[in-house]
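Sequences listed follow chains A and B, in order.
Just so you know, we're using this note's numbering here: the first sequence kicks off at 2 and counts up by one.
Just so you know, we're using this note's numbering here: the second sequence kicks off at 164 and counts up by one.
Think of the hints as simulated: they come from the structure by calculation, not from any bench.
Treat the hints loosely; a few may be bogus.
What the hints assert, rightly or not - Below, simulated DSS-like cross-link-like pairs (lysine-lysine); rule was C-alpha separation at most 27 Å, straight line:
(1) B:K177 - A:K193
(2) B:K176 - A:K193
(3) B:K401 - A:K43
Stated by the list, open to error - Residues on chain A that point at chain B, a partial pick, calculated with CB under 8 Å:
(4) L104
(5) W123
(6) I126
(7) K130
(8) L176
(9) D190
(10) V194
(11) F230
(12) N252
(13) T258
(14) F262
Given the structure is predicted, the values throughout are model-derived calculations rather than measurements.
Glycine included, every Cβ here is placed at the ideal spot set by N, Cα and C.
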Amino acid sequence: MTLTDTRRAYLLNTPALVVLLALVAYPIGYSFWVSLHRQNLKRPKAVRFIGLDNYLSLWQDPAFLGSLRTTGLFVLVVVAMTVLLAISLALVLNETFPGRGVLRSLALLPWAMPGVVNGLMWRTIFDAKTGVLNGLLTSLGIIDSYQAWLSSPTGAFFLTAFAQVWNTLPFAVILLLAGLSTIPGDLYDAAKVDRAGVFQRFRQVTLPWLLHPLLIVLILETMNAFKAFDTIYVLTGGGPGDATDVIAVLNIRTALTYTDFGLGSAYAWVITLITLVVSAGYVAALYRKGSFEL
Amino acid sequence: MSTVPLRYRVPWKKIVVYALAAVFALYLLMPFYWIFAMSFMHEVDAVSVPPQWIPEHPTLDNYLSFLRPDAGEALVGGRAIEETPFALGNSLVVAISTAVLNLVLAVPAAYAFSRLKFRGGKVLLIGYLVTRMVPSVAIIIPFYLMMRSLGLLDTYGALILSYLTFSLPVTIWVLKDFFRAVPRELEDAARVDRCGWLRTMWEVFLPVAAPGLVAAAVFSFMTAWNEFMFALFMTSTKAAKTMPVVAANFATDMNTQFTLMAAAGVLAVLPPLVLVLVFQRLLVQGMAAGSVKG
Numbered sequence: 002m003t004l005t006d007t008r009r010a011y012l013l014n015t016p017a018l019v020v021l022l023a024l025v026a027y028p029i030g031y032s033f034w035v036s037l038h039r040q041n042l043k044r045p046k047a048v049r050f051i052g053l054d055n056y057l058s059l060w061q062d063p064a065f066l067g068s069l070r071t072t073g074l075f076v077l078v079v080v081a082m083t084v085l086l087a088i089s090l091a092l093v094l095n096e097t098f099p100g101r102g103v104l105r106s107l108a109l110l111p112w113a114m115p116g117v118v119n120g121l122m123w124r125t126i127f128d129a130k131t132g133v134l135n136g137l138l139t140s141l142g143i144i145d146s147y148q149a150w151l152s153s154p155t156g157a158f159f160l161t162a163f164a165q166v167w168n169t170l171p172f173a174v175i176l177l178l179a180g181l182s183t184i185p186g187d188l189y190d191a192a193k194v195d196r197a198g199v200f201q202r203f204r205q206v207t208l209p210w211l212l213h214p215l216l217i218v219l220i221l222e223t224m225n226a227f228k229a230f231d232t233i234y235v236l237t238g239g240g241p242g243d244a245t246d247v248i249a250v251l252n253i254r255t256a257l258t259y260t261d262f263g264l265g266s267a268y269a270w271v272i273t274l275i276t277l278v279v280s281a282g283y284v285a286a287l288y289r290k291g292s293f294e295l
Numbered sequence: 164m165s166t167v168p169l170r171y172r173v174p175w176k177k178i179v180v181y182a183l184a185a186v187f188a189l190y191l192l193m194p195f196y197w198i199f200a201m202s203f204m205h206e207v208d209a210v211s212v213p214p215q216w217i218p219e220h221p222t223l224d225n226y227l228s229f230l231r232p233d234a235g236e237a238l239v240g241g242r243a244i245e246e247t248p249f250a251l252g253n254s255l256v257v258a259i260s261t262a263v264l265n266l267v268l269a270v271p272a273a274y275a276f277s278r279l280k281f282r283g284g285k286v287l288l289i290g291y292l293v294t295r296m297v298p299s300v301a302i303i304i305p306f307y308l309m310m311r312s313l314g315l316l317d318t319y320g321a322l323i324l325s326y327l328t329f330s331l332p333v334t335i336w337v338l339k340d341f342f343r344a345v346p347r348e349l350e351d352a353a354r355v356d357r358c359g360w361l362r363t364m365w366e367v368f369l370p371v372a373a374p375g376l377v378a379a380a381v382f383s384f385m386t387a388w389n390e391f392m393f394a395l396f397m398t399s400t401k402a403a404k405t406m407p408v409v410a411a412n413f414a415t416d417m418n419t420q421f422t423l424m425a426a427a428g429v430l431a432v433l434p435p436l437v438l439v440l441v442f443q444r445l446l447v448q449g450m451a452a453g454s455v456k457g
């Protein structure tokens, strides 16, 4: 009866806390421990403590350094394309026109698509012999023979980014649309009275109101793109060569195919640190803006 | 000053909005339409040049072959065909269990955040957010080792536990926002009527918060249904392989039959797609609440 609020609150949080401590906090600690070992599943007897050697080797690990570069570029391209497309689509959806409801539903479609199915889908579309991308471009007269798009490093990289953007677009659109809906209509009326053109109105009224949701979109999409795995795994498997070998794909290959758990854990820890730094920036930025409502 | 009467002015804005809406509609729908159409084609038609946009000889054979246990032996990609019905069942069990467990664990926690002021509350809430930001690759290796020593590899248990790690924090955040919107007066009124604490929760509070519960359940169902990385790592037979894992097998097989791959893809996207279309409004609301406000 005399439970204080604080006690009651912690009691209510106990189940969730226990589960997350056991399933997230403990494995992360364990992961660090594994990363300090030479540990390969193929040689279970040869587990040996080697301190920071796995981490030190990362600086001369061409696979790791290359995939960091690929990942950085991938994040940049995906986030830029997503933001541009999402702003345009959100602006269109913010207008009233017949069929807007249908387009809104369509805008959610890619969100339902599991990453693996997204990869499958684009694989059939980009296929060198039978793909509809080739079919379409040929019938439009843009190319005169079918191309093996995914066989060239540059083509594979950009098409993979394109497929990833299609999948993650809805999330950005919804957040931006929510932001747009908070803009008071009379601001536009006032701007019109001042004879502000379309672009001026966008710059002076829309953009300032969108800054906050844009910030969230930027950071969440950055984190998402950094973790990208499913679509790439199915579409290119990291190839051709190492053209689309982003960090998550490399990490899973190291752990699953080479069963090198020690090195894989070291990779994972570096990824985690980078993600947490970005996330901390995210939380701090929102907190400073006073919009972090707890 | 313009002499043209207002109603004759060229409606540029309308034209631009319609054109953009049409382009976006095509961009969003076409890729999915293509695998959908392909799943009803014979292989010969699917690989025809130029592509058939509408199946000329529609067939259900691709879907039916999943129902025939011996179909795999006659066709390319046999094992994946045989595994598909099991995978659908596994995905369903795992996703529903994940959703239910999420609610059981998150409802008390979210209730505490929405109703009680307590010491350390903010830190705890940010703590939940941080666990959400830990990338999956960071815990996949220790998770594998943990599940192996518990004898849970290739079981539903390993998948459900791993899916809790990223869906539970989101569920708590989403529910907290929905719960705050429930007026306190309702509970106060019930308490005046000498309703006990638990009964108030069960008969008054939760029914009013039902939309939030549904949104949270759908979110966690979708996350679990779509997940690939953990499932790839921790399942190896049809006892626990989920739909994305089997669908990916279709893609990585060298002799992929496109139409079967498309049919598997359609089956894998159907449940989340239906949920998104049915609960559209609720999900958008939950997503906006869950991330725009923090």
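Worksheet entry | Interface hint compliance - A:D190 to chain B, C-beta minimum distance less than 8 Å | violated, 15 Å
Worksheet item: Regarding the hint that A:L104 lies at the interface with chain B, is the smallest CB-CB distance below 8 Å?
Response: holds, 6 Å
Discussion item. Let's test the interface hint: is any C-beta of chain B closer than 8 Å to that of A:V194?
Written reply: violated, 17 Å
Worksheet item: Any CB of chain B closer than 8 Å to the CB of A:K130?
Response: Holds, because the Cβ-Cβ distance from A:K130 to chain B comes to roughly 7 Å (cut-off 8 Å).
Worksheet item: Does A:F262 pass the interface hint, meaning its C-beta sits closer than 8 Å to a C-beta of chain B?
Response: With Cβ-Cβ at 5 Å, under 8 Å, it holds.
Worksheet item: Does the nearest C-beta of chain B fall within a distance shorter than 8 Å of the C-beta of A:N252?
Response: holds, 5 Å
Worksheet item: Given the hinted pair B:K401 and A:K43, is their alpha-carbon gap at most 27 Å?
Response: holds, 24 Å
Item to complete: Using Cβ atoms only, decide whether A:F230 comes closer than 8 Å to chain B, and label the hint accordingly.
Response: holds, 6 Å
Worksheet item: Close enough to count: is the Cβ of A:T258 nearer than 8 Å to one in chain B?
Response: It is violated, given that the least Cβ distance between A:T258 and chain B is near 11 Å, above 8 Å.
Worksheet entry | Interface hint for A:I126, Cβ within 8 Å of any Cβ on chain B | Check passed: Cβ of A:I126 comes within 6 Å of chain B, closer than 8 Å.
Worksheet item: Is the hinted pair B:K176 and A:K193 satisfied, with a Cα-Cα distance of at most 27 Å?
Response: Between B:K176 and A:K193 the Cα gap is close to 14 Å, so the pair holds against 27 Å.
Discussion item. For a C-alpha distance cap of 27 Å, please report whether B:K177 and A:K193 respect it.
Written reply: holds, 17 Å
In the structure shown, a violation is registered for the earlier hints numbered 9, 10 and 13, in ascending order.
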